[in-house]
Amino acid sequence: MAKGMLVDLTKCMGCRGCQVACKQWNHLPAEQTTWQGTYENPPQLDWSTYTKVRFVEGQNNGDFFWRFIKTQCMHCKDPACVSACPVGALYKTPEGATVYDEGKCMGCRYCMLACPFQVPKYEWHKAIPVIKKCTFCFDRVAAGKKTACSQTCPSAALDFGEYDEILKKAEDKIAKNPGKYINHIYGKEEVGGTSWLYISSVPFDKLGFNTTLPNKPLPHYTWQALSKIPFVVGGMAVALTGFWFICKRRDEIQKGKE
Amino acid sequence: MESRGFNRREFIKLGGIIPAFFALPKTVSATAPANRLQYAKESTSICSFCGGGCGQIVHTENGKLVNVEGDPDHPVNEGALCSKSNATFQIVNNDLRLKKVLYRPAGGTQWEEKPIDWAIKEIAKKIKETRDKSFVAKDENGVTVNRAEALASVGGAALDNEECYLITKLNRALGMVYFEHEARLCHSSTVAALGPSFGRGAMTNHWVDIKNADCIMVIGANPVENHVISARWINAAKEKGAKLIVCDPRFTRTAAISNLYVRHRAGTDIALIGFMINYCLENKLFHDEYVREYTNAPFLVKPEFGFNDGLFSGYDAAKRAYDASAWDYQTEKTCKHKDDCAQKGTIPAEAKCPVCQAAVETSTKKDTTLNDPNSVFQLLKKHFSRYTAEVTSKITGVPAAQLVELAKTYCETGRPEKTGTILYAMGATQHTVGTEYIRGYAILQLLLGNMGRPGGGINAMRGESNVQGSTDMALLFHLLPGYMGIPNAKLHPTLKDYNGKETPKTGYWSNKPKFLISLLKAWWGDKATKENDFCYDYLPKIGAGHKGGGYSWIAMFEAMNEGKIKGLLNWGQNPAVSGPNSNLELNALGKLDWLVDVQLWDTETGNFWKRPGVNPADIKTEVFVLPAAFALEKEGAVTNSGRWLQWRYQAVNPPGQAKRDLWWLDKIYKELKALYLADKNASFPDPIVNLNWNYGDEPDVHLVAKEINGYTTADRKQVANFTKLADDGSTACGNWIYSGFYPGPDKKDNKAASRDKSDPSGLGLFPNWSFAWPVNRRIIYNRCSADTKGNPYNPDKALVKWDGAKWINFDVPDFGWKDAKGDMITPDKSAAAPFIMLPELHGRLFAPKGATKEGPFPEHYEPYESPVKNLLSSQQFNPVSKIWDGPANKRAEVDSKEFPLIAITFRLTEHWQSGTMTRNLPWQAELMPEMFVEISPQLAETKKIQNGEWVKILSSRGDVLARACVTSRISAHQVNGKSYETVAMPWHYGFSGLVTGGQDRTKNYAANQLTPHVGDGNTMIPEYKVFLCNIQKIQIS
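Taken in sequence, the protein lines are chains A and B.
Position 200 (the first sequence) corresponds to 200 in the numbering used here; numbering is contiguous.
Position 54 (the second sequence) corresponds to 54 in the numbering used here; numbering is contiguous.
Heads up, some of the hints might be wrong.
As the list claims (entries may be wrong) - Here are some chain B residues the structure puts well away from chain A; computed CB gaps all over 10 Å:
(1) N62
(2) P75
(3) K99
(4) K126
(5) E129
(6) D340
(7) G500
(8) D618
(9) N681
(10) V812
(11) Y980
What the hints assert, rightly or not - Keeping only pairs whose Cα atoms sit at most 35 Å apart, straight-line, the calculated DSBU-like set for lysine-lysine is:
(12) B:K394 <-> B:K869
(13) A:K173 <-> B:K243
(14) B:K238 <-> A:K168
(15) B:K680 <-> B:K121
Everything labelled a hint here was simulated from the structure, so no lab data went into it.
Predicted model only: the values in this text are computed from it and were never measured.
Even glycine gets a Cβ: it sits at the ideal position worked out from N, Cα and C.
Work out the full structure: start from the sequences and follow the hints.
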């Protein structure tokens, strides 16, 4: 039932078809960018950029490498953002997508702080901002299609399917190609597992992956910490409820004007 | 950011307006996401960027385009698309698209909007005036030449086949000789090398077939960036264990996924390949049977043929040309029945065989032992023996050990069961020895037995959605549709001369008169009769051209710059950015009386008169801009790189006054015809008024398509294919190589539209998906996939197979396999004729006289501008390349202190060609917003340049601004003990559109302002890919 995505970094050649396919499908506007001294652009994930490819040059075992790392929401199995969302706007679908309900989101940005991958982004420019991020194309998946990024991937570096099968593919690839890949599937264990899995010939720390994340789901830590400071939580809840009320009221006034 | 011409707000608005057409509801329901395409209408199309021919699914709602994505059923891309193709949506829904007819009078400072009818009338009037004034009816020898030398035409590679065909038809009826387009600039040297080597000038295999390779050598190309879908099939081959070799001065995104990367100095590929050929021969790694049986290796060459110090025999330094008479085979007289007769050898002088009394025939002398010193094999060995690892390393800058690793890895494919493919593009073709680069690949592939086989071949990757089609339709000065030469005044004053001199006695081209006369019947219908040589004299005949340099791109712009060309029609090209030495070419545009520019966008070519740094009032060229329809706004066929003709359907209407190019052509022709009918004093109106042009009031693309396929003239029945064409006027055919794609009268007969995905061979041939020319052959020269007995060299890669009694064919055989009665032709017979398009019926290791101008074997010469002396001979530069002098075309000397750096230009996957199709799309502009130049960390250190800083790149012809990209992906070469740095820059940027070139757009914009006006010896393809430059840090606030 739960879907997964395997990213084979030995196959990705950085064409960024995925970046534009995502914008096309999700109607996301272009940002005005400038040359950053690298092919990479826009500079980071943003409310209008749900996915971007990082370009990394370096040396591994004396060999020069240039690798392209697609970044987006990892769709954690047990996401910190969902547990941190005070209004239940973020939640997991049975297909494994971590999605959000814009109608419920009150813009508190807790998810942004909670996310270990710095994925959720805020619509800073809007009067009524909400959180934006990759939806794992849950609308396409519900219609029986692949995600926009995986369908469009010319190099076939992205492989979308049932999570269990995708994980098995990743394990098989590593087992059947000795010496080609490093023996690690990024996302299999990290933060309790993510729907997106990466395999690579270059160690992940050299590619800018966060290799210091724990293998336990983050909500586990969240609640351990939170249980020790109930007053803070209680206080925050009151304050946030008030904030939510103000936001909601403003929304209604805005709607009234329209 | 005022200088950029747009601000952040506008930028975001532009990106935002587009989705706003169909904005999502404010709240997305999270539990049951709506399928936003549930009410959309679906149609298919083919991507309009590179020559991949990827399928697209197009969704429309209420006449609006709402979504474009990859077609999962399409065999080439299986649903995948690159970034550009994904942005197709923004081509249709874009406020920057031209929607009105625009006119700019002589000296005018702004555009004026005009009605369509006015523009058509004015344009037809201008064409007629210019043609009539400059018309040359006869040349100095009294030969009818019918040349309109003051008219010129460029562009067409982005158009559909039917449109290209009508451009050719109209231009030639007008008598146009300055007739060129993108193909001159991108792959003309391909046709000039592959044609003489194998018989046809196109990609031999196709995209999906790359998956069948055991080794893929990419040289002179960056396929995963510029032909993105190749990555899918390269990766598929690699998953099965294939190796990917990338040879490139620059570490590209293709190099990033390679198994072996070889960094050689730009302009030294012949040395690199020469070493590989040498290594292959010395170590006997070639495919022995293949070389003996399927190539001209055993043929004996005339003893007077020779080679000394970089020159082949017969060189005339004054003419910069060869007398090639010695580059020929030895012949002998033998018994006509030598297979059955006891008389096997040469018959000295008798008119009859002394044994059986049969007639005597002349044939080429051969030595099947390959030991004769005059055999092609021995001459080849001798020629390339000079390309040792040591010398090649000094020339190319590649360490000798790596050269050996390269040769060893690729020559593995010389084993009979293995195949290797060579993928190349502009990094090979755009050199002054471009043709010889590709000849080098041809020799290597023939030696390794890789031609005509799955996973093999030479895959010339085409970079525009229909540049294969436009080349096939001959939008080039020297050709007629289907690769027949345009008549030459000196050689072919009459049809009899043409047929006599251009029709070889052996090989399939012996049918040429059938194709030519069918073409003339398609063009002039009933007026073309046997008595009037089928209107042969209506065709223009070329002469020596401008300053003896022909009529090709460079010659055309040189002539234009001298005021000899008065009017130019431009069908969607953007020469202001894509032409070589663009400062010179922009200046030339200003010498025109008028320019007609048919475009989707406001391009640098259309608005050259208001380019930065000029005063519009000084430029007297009248400019007409006609807004064109995009691929999704019309219907027609395009031909991808793998020769597949694929049909595109109209999904939406063009915006405003925009019309199909077919429509503009039809209206302009009709107006011209009316003008010529009305004017009794017009210059030779016959080819125009008698032109067979009946496509309806609103031109019907299917009628044009059917004419291209060919029909019988008596009862107008579509012909089945080109084997049905005749030389007596009973058939008409617009392009013989396409014959068979529309063999019946109905739309259902259009094979370009066929979408049957069956693949019985499992090799990805998809024989019933689209139509591949010629006659649906997917892999050409496929006789070579099996041994002389007809057994496939690799049973898992069988294209054809002799089962002892008959041929079993997975592909359409490219050889004689059935005689006229339908009886099988045995494998021994077809093994003697594996390359049916060549007169000697064998692949050419040695290219005899008439094949290429540089000589029978490739030889390394340094580029036009090189920092070093040629280490192989005293011939520094291609001895037959024409030098165009002039103050605007200066040349940096060897070891120049002023310009010590090697410069190369390249393309990015995010932008396309001259950039008009991508720099106007917000999504693509976001990915690659500014002009940059790649420099090594060492050079940056020397020049004190930080990453991202603005720098100026200077050549002896101009200078441009760019931002520094300091990267280890580029580095210096050790050439003969000295270090030489290379810098590399994309050539997509210009001064017009959403994103432009340099930050200071008042001066600097396009990389081609730096490149020289110099071309190769055969096709005059410009040497874009290597020249000398310098780089300076600059301060821009």
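Against the structure, the hints:
1. N62: Non-interface label stands for N62 of chain B: nearest chain A Cβ at 17 Å, farther than 10 Å.
2. P75: At roughly 14 Å from the nearest Cβ of chain A, P75 of chain B sits farther out than 10 Å, so the non-interface label holds.
3. K99: holds, 22 Å
4. K126: holds, 40 Å
5. E129: holds, 45 Å
6. D340: At roughly 56 Å from the nearest Cβ of chain A, D340 of chain B sits farther out than 10 Å, so the non-interface label holds.
7. G500: holds, 50 Å
8. D618: holds, 34 Å
9. N681: holds, 57 Å
10. V812: For V812 of chain B, whose nearest Cβ neighbour in chain A is about 29 Å away, the distance exceeds 10 Å, so it holds.
11. Y980: Since the minimum Cβ distance to chain A is about 20 Å, Y980 of chain B lies beyond 10 Å and the statement holds.
12. B:K394 <-> B:K869: The given pair, whose Cα atoms are some 11 Å apart, holds under the 35 Å limit.
13. A:K173 <-> B:K243: OK: K173 of chain A and K243 of chain B at ~17 Å, within 35 Å.
14. B:K238 <-> A:K168: holds, 20 Å
15. B:K680 <-> B:K121: holds, 19 Å
Checked against the numbered hints above, the structure violates none of them.
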